[in-house]
Amino acid sequence: MLSVENLHIRFRTGDGMVHAVNDVSFEVGAGRQIAVVGESGSGKSQIALAIMGLLAKNAEVEGRIMWNGQDLLAASNREMNRIRAREIGIVFQDPMSSLNPYMTIERQLTEIVEYHEGLSRRDARARALQVMDAVRISDAKARLRAYPHEFSGGMRQRIVIAMALMCQPKLILADEPTTALDVTVQAQIMQLLADVQRDLGTSVVLITHDLGVVAGFCEEVVVLYGGRIMEEAETIALFDQPTHPYTRGLLSAVPNIKDPSDALTAIPGSPPNQHRFPQACPFAPRCVDAVDICRDTLPALRQGRACLRPVEELT
Amino acid sequence: MLNYTLRRLLMVVPTLLILVIFAFYLMRLAPGGPFTSERPLPPAVMANVLERYGMDEPLHVQLWTYVSNIVCCFDFGPSFSQKDRSVNDVIAQGFPVTLTYGFWSAVFVLLLGVPLGIIAALRHNGFWDYTMTGLAIFSQIFPNFVLAPLLVLLFTLSWGLLPGGGWNGGQWQYIVMPAIALGTSYMASVARLTRGSMLEVLGSPYIRTARAKGLPERTIILRHALKPALLPTLTYMGPVFVYMITGSVFVDVFFSTGGIGQDFINGAYSRDYAILLGLAILYAVLTFVLTLMVDLLYAWIDPKVRAGLS
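Residue numbers (numbering that gives the first Met the number 0), protein chains in the order written: chain L, 0 to 314; chain D, 0 to 309.
If you are wondering where the hints come from, they were derived from the structure by calculation, not from laboratory data.
Among these hints, one or two may not hold up.
[As the list claims (entries may be wrong)] Over 12 Å on every C-beta distance to chain D, these chain L residues come out as not near it, computed from the model: (1) ALA29; (2) GLY30; (3) ARG31; (4) MET65; (5) ASN80; (6) ARG85; (7) SER96; (8) ASN99; (9) PRO100; (10) TYR101; (11) LEU128; (12) PRO147; (13) ALA163; (14) ALA214; (15) GLY248; (16) SER269.
[What the hints assert, rightly or not] Capping the alpha-carbon separation at 30 Å, the derived lysine-lysine pairs in BS3-like fashion look like this: (17) L:LYS140 / D:LYS226; (18) D:LYS226 / D:LYS303; (19) D:LYS303 / L:LYS140; (20) D:LYS82 / L:LYS56.
[Claimed, not checked] Now the stretches of chain D that chain L is said to cover, found in silico as 3 or more residues with beta-carbon under 8 Å: (21) 33-46; (22) 301-308.
For glycine and all other residues, C-beta sits at the position ideal for the given N, C-alpha and C.
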């Protein structure tokens with residue numbers, strides 16, 4: 000349904016090019032849930048923006064993003080407007096700032112279907128109530144007239160999700176949907192996304208830095224580092240037997256509640272400078288298993304892993 | 000909201016009182032008076048004149064008479080420098096003039112400045128952006144005493160389209176040039192302000208959300224971005240509007256419109272206490288009303304402010 004093929008995203012900045020995403024490919028089938036995991040600066044959010052055609056003006060894109068046979072990177076803004084919200088919805092990271100503070104919730108919901116489906120104000124309102132019900136906002140009727148500042152963070156994120164659901168899109172991109180929220184609210188929002196996904200059969204691309212969130216929700220994981228895919232696997236396999244040193248590092252950085260003696264390990268070093276297109280494995284400087292070859296050869300993605308060392312030789 | 004408005008209006012009274020007391024004593028502190036001249040009047044004549052205007056009384060009695068006359072009869076007293084005219088006459092004659100061309104000037108400022116700013120923001124770093132910014136800077140550094148003669152040169156002397164001055168009961172031909180001369184530099188400021196805030200709003204996450212909804216650009220600008228982008232302009236226009244409808248000395252003198260802008264300066268030269276106080280009160284009341292209107296408009300645009308008011 001969606002296939003991202005050899006996607007490169009670069010930004011022209013004051014001090015040169017920044018290679019945010021390098022040669023990333025993955026596919027999302029109908030009804031599937033894929034997680035794109037990476038630390039901040041790994042380019043994961045830019046992939047979502049590229050799919051929506053909302054990259055900043057100083058971005059250069061290469062590759063293809065195929066959506067049901069159409070290349071979204073080649074589509075005009077007009078063509079994109081027929082796909083945005085109607086076929087692909089997006090849930091942004093920060094519900095505090097992604098709702099328009101000067102418009103009522105009602106208007107922000109109804110305008111979507113009024114424009115895309117030509118609904119009357121009344122029908123649009125009915126749809127809004129229905130969707131608010133689906134994202135479990137109680138007393139929806141009264142809340143339609145409210146403004147964003149009258150809601151808590153969790154409620155606002157429900158509204159953002161409701162906005163993404165208004166046209167019942169086939170794919171939802173969730174860009175760190177729980178990062179800005181309290182832990183208890185995080186769980187509710189993830190549960191909500193899971194329910195919506197199950198009820199509507201929507202595909203979801205979940206973009207996150209939180210492997211804990213991924214475990215309960217997604218079938219497949221793409222691990223990004225320095226704008227490149229490090230590992231790509233089914234969630235269960237990835238958690239059971241991570242084959243890339245970076246994934247292993249990430250997993251051991253998640254605290255294990257069953258074994259309190261298990262010390263929390265951090266991955267040493269900091270994320271790479273992306274001013275130059277990588278000539279070697281971007282993770283090599285921080286990798287415990289790196290050998291000489293890792294520092295001058297760029298590993299290709301083979302059988303779901305981009306690592307020059309055989310799995311058996313890893314520590 | 001109504002509650003808030005009433006409270007604000009009630010505040011006018013004590014504030015005005017304080018303003019009057021301050022202005023009254025400050026003027027008297029300044030050396031000279033309305034009847035001092037190079038050749039002093041004979042003492043007997045001077046005494047007569049002072050009595051005629053009630054200036055022989057102690058200051059606090061004069062102040063009391065002044066304030067009570069305003070409160071009971073809305074009478075701001077006689078002008079000291081213009082014989083047989085009261086301050087009420089002067090304001091009644093001059094204020095409608097400046098109110099008229101000032102109002103149209105403000106309309107010109109908003110109708111031209113806001114769209115220019117928006118277009119420049121939408122064509123950020125493009126041809127129209129640079130053209131607009133250039134024009135804005137140009138007209139901002141272009142003082143009205145250069146602009147006004149230039150307008151007269153073109154519209155009156157070269158093309159004979161508009162009268163070069165006068166008022167003639169406020170026919171539109173007589174309003175155009177004063178309004179443009181008064182407004183051009185403000186128009187430039189408004190264009191730049193609007194451009195800046197529009198750019199900021201267009202970069203905000205909620206506009207990205209609106210784009211992700213697949214709405215057409217026009218809807219995004221008009222429905223989502225315009226209101227917040229106008230907030231700085233609104234704040235700016237409050238005091239500027241007061242300044243505009245009370246006119247400018249230069250415009251009044253150059254176009255012989257007979258507005259109150261020139262009365263203020265003449266009043267200051269001739270130490271016409273009554274005119275100065277009367278105009279100061281007029282300015283204060285207008286400032287009050289306009290800032291209140293700006294605040295109410297703010298509340299209308301921004302629901303958070305509205306919630307804070309009620």
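- Taking C-beta pairs only, is L:ARG31 more than 12 Å away from all of chain D? holds (21 Å)
Notebook entry, point to check: Is the nearest CB of chain D more than 12 Å from the CB of L:PRO100?
Noted result: violated (7 Å)
**Asked** Beyond 12 Å from every Cβ of chain D: is that where the Cβ of L:ALA29 lies?
**Response** Holds, since 21 Å exceeds 12 Å.
| query | Is D:LYS226 close enough to D:LYS303, meaning Cα to Cα at most 30 Å? | reply | holds (14 Å)
- chain L covers the region 301-308 of chain D, three or more CB atoms within 8 Å, holds or violated: Contact hint for the region 301-308 of chain D vs chain L: holds, 4 residues under 8 Å.
Would L:GLY30 pass as off the interface with chain D, using Cβ distances and a cut of 12 Å? About 22 Å separates L:GLY30 from the closest Cβ of chain D, which puts it past 12 Å; holds.
Q | Status of L:ASN80, Cβ more than 12 Å from any chain D Cβ | A | violated (4 Å)
Take a quick look at L:MET65 and tell me if its Cβ sits farther than 12 Å from every Cβ on chain D, holds or violated. holds (19 Å)
Minimum Cβ-Cβ distance from L:SER269 to chain D exceeds 12 Å = Nearest chain D Cβ is 27 Å from L:SER269, so the label holds.
query = Are all C-beta atoms of chain D more than 12 Å from that of L:TYR101?
reply = Non-interface label on L:TYR101 violated, nearest chain D Cβ at 5 Å vs cutoff 12 Å.
> Holds or violated: D:LYS82 with L:LYS56, Cα cutoff 30 Å?
Replying inline: violated (68 Å)
- Does the no-contact call for L:PRO147 survive, Cβ to all of chain D over 12 Å? The assertion about L:PRO147 is violated, with a minimum of 9 Å to chain D.
The structure is inconsistent with the numbered hints 5, 6, 7, 8, 9, 10, 12, 13, 20, 21, although it conforms to all the rest.
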